[in-house]
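Chemist: Residues per chain, in single letters:
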Amino acid sequence: MADQVLLIRGGTVVDETGERPGDVLVTGGRITAVGAGLEVPAGATVLDASDCLVAPGLVDLHTHLRQPGQEEAETVETGARAAALGGYTAVVAMPNTDPPIDSAAVASQVLELGRGAVCQVAVAGAITVGRAGARLAPLGELAALGVRLFTDDGAGVQDSGLMRRAFEYAGGLGVTLAQHCEDNSLACGGHMHEGEWSSRLGVPGIPAAAEEVMVARDIALVRLTGAPVHFLHLSTSGSVALVAAARAEGLPVTAEVAPHHLSLTHAELAGYDPLFKVNPPLRTAGDVEALRQGCRAGVVDAVATDHAPHPQEAKDAPLDQAPPGLLGLQTAWPVTLAALTDVGMTPAGVLALLSWQPARIAGLHPDQGGEQGGPVVAGAAANLCVLDPGATWTVEPDRLASLSRNTPWAGRTLTGAVRHTVYRGEPVVTDGEARR
Amino acid sequence: MSASLLSIADLGAEGIEQILRVSDSFAEVGRRSIPKVPALRGRTVVSLFAEESTRTRLSFETAAKRLSADVLTFSAGSSSVKKGESLRDTVETIAAMGVDAFVVRHPSAGAPAQLAGWVDASVVNAGDGWHEHPTQALLDCYTIRQVLAERDGLAVEDTGVGCFAGLRVAVVGDVAHSRVARSGVLALAALGARVTLVAPGSLLPPSLEGWPIAGVSHDLDAVLPDLDVCYLLRIQTERGAGSHLPSLREYTAAYGLTARRAARLPGHALVMHPGPINRGVEIAAEVADLPRSLVLRQVANGVAVRMAVLYLLLAGDSQGDMLKETVSG
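Chains as they are written, first to last, in this note's numbering: chain A, 1 to 436; chain B, 1001 to 1329.
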């Protein structure tokens, strides 16, 4: 596979160095030439990229692959296939599996499953044992396996003293802690954004303050310890303002937002449909606008999916009993493109948020010894996506590669499609279809 | 999907007025020596209560039986729900037996609305979480209209809903956790009443955007002299209201309708409560038993109003069709 010769022809190459028209020749898993009007070598497979952007593969900082423990919802294999179909060549698997990724044994299992997958599978480790928020997980043991991000995602670390020790310990290891910002005593078991709609619908809400107090606390802890923090799935205008202020102060703070928080509001819950239940919850139109502006202004570093598969029966339940989460990998590019071109961003700016910036946060960029998100130049690893920004398609849940069907975009028509994905020189997606 | 009653918002003033008018006829049935009509003979109504309830369940079941419907009673405690069956499977299983309506009480807001999407039968929301309790609001409106008609010496049948225009109503207490308040505010406002919410800040919903209210007050004493109706909500300690207050004693001191406070009401003002009453907390025992207190009358009217709702949803004649136009969707 890896010695296959590919010519990606007729597209516009976009990477962190800029944009230029050009063909990309791939041989033996690496890019061997980039330029206009390259000749087709004998035996080469030609991938048509006309009207397309040819970019480093997308990198998702926030994927729930559900393996081990919830294989009826997703597996590493199926999640990776959904990722490839979404233009991703790398995902970071979240540790809230069963058992959680809080030991070398479980981390190794997921990494091993990832070796045969159609995209790179990195893992995030848990900050605390069992994600229970009481004792530090073996961060050093996990870091030795190459784990670069740690999070108790699904829950925030509630204990400020413990979080301080985690920052101090992680700082010494050169790894980054990623926080799911949610103060449990304020979130109080809520099921949607606390505000106009929750008040009308009689549904217990999660106030914006539940997120913001933890963002503010962790910024104070970063100031105290000097260790970096990455904020997962920020959802409120207040959080964006806090991150902007921390950055202006020069603190090592990065932040991601999710495509659904850039595009949907709490009004979607009017019919109590659990497909729109997600944590953090869909918030107000003002929050959506603030997150978009945060992306445009460079306060937000990455768009990450929070791809969270759930089986049908789990979502066929009353709103307060259904688990939060929605599918994101196959819809991230068109949803993000639409949301951010709306505030004047270019496709290249959008790709920065989806590819090279998250690659750096994940520690997967070539500058860090990895092979994701780097410039499209001869000698680089051939992890590429070919994206058609103008193609429209309708989301049919049954046709998604995920084992689950919980997409909030079912039946909606999106603009922006993935034509091809090349992972380590192999065309794993061609013309929008998975090859394996 | 058949017609359902999920929220007062689906009805509008016209829909509410129609239900009140039909309720008049059924109130008359209730006064007969044999208070039963064959209107829904052959129809099957399932009373599905996934939460403790006595008065609402008995009221609906009495209503269905007086209409000659067959009534199946399902309570979550004794059912397959305890064996791990999902609500959807439970409901689809019952629906497969061939039923015409589900009367649903559920602790989850929105459960009746979801259920209406799963089955072809009609669904009546008999109270869902903190969301709504539409028939409570309808019977409260019916009761107000009945009392005002009597006071003016009119037959209730001859009274429209004009009596609600400008009616000054205070809804007092735990609005945040109250489905009665959500339905009540919508119904009273739709009919033209001016509703003021009176509660401590921690018992108000986080947002009142879009609520059709005249105002909010934290001072019951100041509001009382200008009221036509004082509607007291139950302090729902079982729904977590406890942690929202320093103590019930402090609540009663500021918001309880004590005898002394009730004396500040105008002579004509009515006192209402959806029950069950916490005597001595939101209302003093002697106030609850005053002639102006309509608590038992509310209960009595519940049956007629629920007969009207079931009849309009299920009878399938022209009146029913009109309701369907208003409530579906």
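Wrong hints could be hidden among the right ones.
What the hints assert, rightly or not - Far from chain B, by Cβ distances over 12 Å, these chain A residues were calculated: (1) G140; (2) Q321; (3) G349; (4) E433.
Unchecked claim - Far from chain A by the CB rule (all over 10 Å, computed), these chain B residues: (5) G1042; (6) G1110; (7) E1132; (8) L1167; (9) R1179; (10) R1182; (11) G1201; (12) D1221; (13) L1245; (14) A1263; (15) V1295; (16) L1296; (17) V1299.
Unchecked claim - Simulated restraints on C-beta separations: (18) B:D1120 <-> A:E72: 47 to 57 Å; (19) A:P41 <-> B:E1092: 35 to 45 Å; (20) A:Q368 <-> B:E1092: 49 to 59 Å; (21) B:L1072 <-> A:C188: 45 to 55 Å; (22) A:C188 <-> B:E1286: 33 to 43 Å; (23) A:R165 <-> B:T1073: 28 to 38 Å; (24) B:D1120 <-> A:S185: 55 to 65 Å; (25) A:D159 <-> B:E1014: 25 to 35 Å; (26) A:C188 <-> B:A1096: 45 to 55 Å; (27) B:E1286 <-> A:S185: 34 to 44 Å; (28) A:Q312 <-> B:R1260: 51 to 61 Å; (29) B:S1217 <-> A:C188: 44 to 54 Å; (30) B:L1290 <-> A:S160: 46 to 56 Å.
Note that these hints are calculated values from the structure, not bench results.
The C-beta atom is built at its ideal place from N, Cα and C for all residues, glycine as well.
Chemist: State for each hint whether it applies.
Modeler: Against the structure, the hints come out as follows:
Look at A:G140: its CB is around 41 Å from the nearest CB on chain B, clear of 12 Å, so calling it non-interface holds up. Its closest Cβ contact with chain B, about 6 Å, brings A:Q321 to no more than 12 Å, contrary to its assignment away from the interface. In this structure A:G349 is separated from chain B by more than 12 Å, as the shortest Cβ-Cβ distance comes to about 34 Å. For A:E433, the requirement that its beta carbon stay farther than 12 Å from each beta carbon of chain B is met, with the minimum near 33 Å.
Every CB of chain A lies more than 10 Å from the CB of B:G1042, the least distance being 31 Å, so the non-interface label holds. The non-interface label for B:G1110 is inconsistent with chain A: the shortest C-beta to C-beta separation is roughly 3 Å, within 10 Å. For B:E1132, the non-interface assignment is contradicted: its Cβ lies about 7 Å from the closest Cβ of chain A, within the 10 Å cut-off. With a least CB separation of 23 Å from chain A, B:L1167 remains clear of the 10 Å interface cut-off, as annotated.
With a cut of 10 Å on Cβ distances, B:R1179 falls inside the contact zone with chain A, its closest approach being about 6 Å. With a minimum CB-CB distance of about 6 Å to chain A, B:R1182 fails to clear the 10 Å threshold, and the non-interface call is violated. In this structure B:G1201 is separated from chain A by more than 10 Å, as the shortest Cβ-Cβ distance comes to about 14 Å. Remark: the non-interface label on B:D1221 is consistent with the geometry, its nearest Cβ contact in chain A lying 26 Å away (cut-off 10 Å).
With a closest Cβ-Cβ approach of about 16 Å to chain A, B:L1245 is found to remain outside the 10 Å limit, as its non-interface label requires. For B:A1263, the condition that its CB be more than 10 Å from all CB atoms of chain A holds, with the nearest at approximately 34 Å. For B:V1295, the condition that its CB be more than 10 Å from all CB atoms of chain A holds, with the nearest at approximately 24 Å. Here B:L1296 stays apart from chain A, with its beta-carbon at least about 27 Å from theirs, past the 10 Å limit.
With 10 Å as the threshold on Cβ separation, the claim that B:V1299 sits away from chain A holds: the shortest Cβ distance comes to roughly 23 Å. Range check, B:D1120 to A:E72: Cβ separation about 30 Å, and the 47 to 57 Å hint is violated. The hinted window of 35 to 45 Å between A:P41 and B:E1092 is violated, with their beta carbons roughly 60 Å apart. Distance hint check: the CB atoms of A:Q368 and B:E1092 are about 53 Å apart, consistent with the given range 49 to 59 Å.
Checked against the hint of 45 to 55 Å, the pair B:L1072 and A:C188 fails, with Cβ atoms roughly 37 Å apart. Against the hinted window of 33 to 43 Å, the Cβ-Cβ separation of A:C188 and B:E1286 comes to about 37 Å, which satisfies the hint. At roughly 57 Å, the beta carbons of A:R165 and B:T1073 sit outside the given window of 28 to 38 Å. Restraint check, B:D1120 to A:S185: a C-beta distance of roughly 44 Å breaks the suggested window 55 to 65 Å.
The supplied range of 25 to 35 Å is broken by A:D159 and B:E1014, whose beta-carbon atoms lie about 56 Å from each other. Taking 45 to 55 Å as the suggested C-beta distance range, the pair A:C188 and B:A1096 does not conform, at roughly 38 Å. At roughly 40 Å, the beta carbons of B:E1286 and A:S185 sit within the given window of 34 to 44 Å. Take A:Q312 and B:R1260: their Cβ atoms lie about 58 Å apart, and the range 51 to 61 Å holds.
Between B:S1217 and A:C188 the beta carbon distance is about 26 Å. The supplied range of 44 to 54 Å is therefore violated. A hinted range of 46 to 56 Å for the beta carbons of B:L1290 and A:S160 is consistent with their spacing of about 54 Å.
Violation of the numbered hints given earlier is confined to hints 2, 6, 7, 9, 10, 18, 19, 21, 23, 24, 25, 26, 29; the remaining hints are satisfied by the structure.
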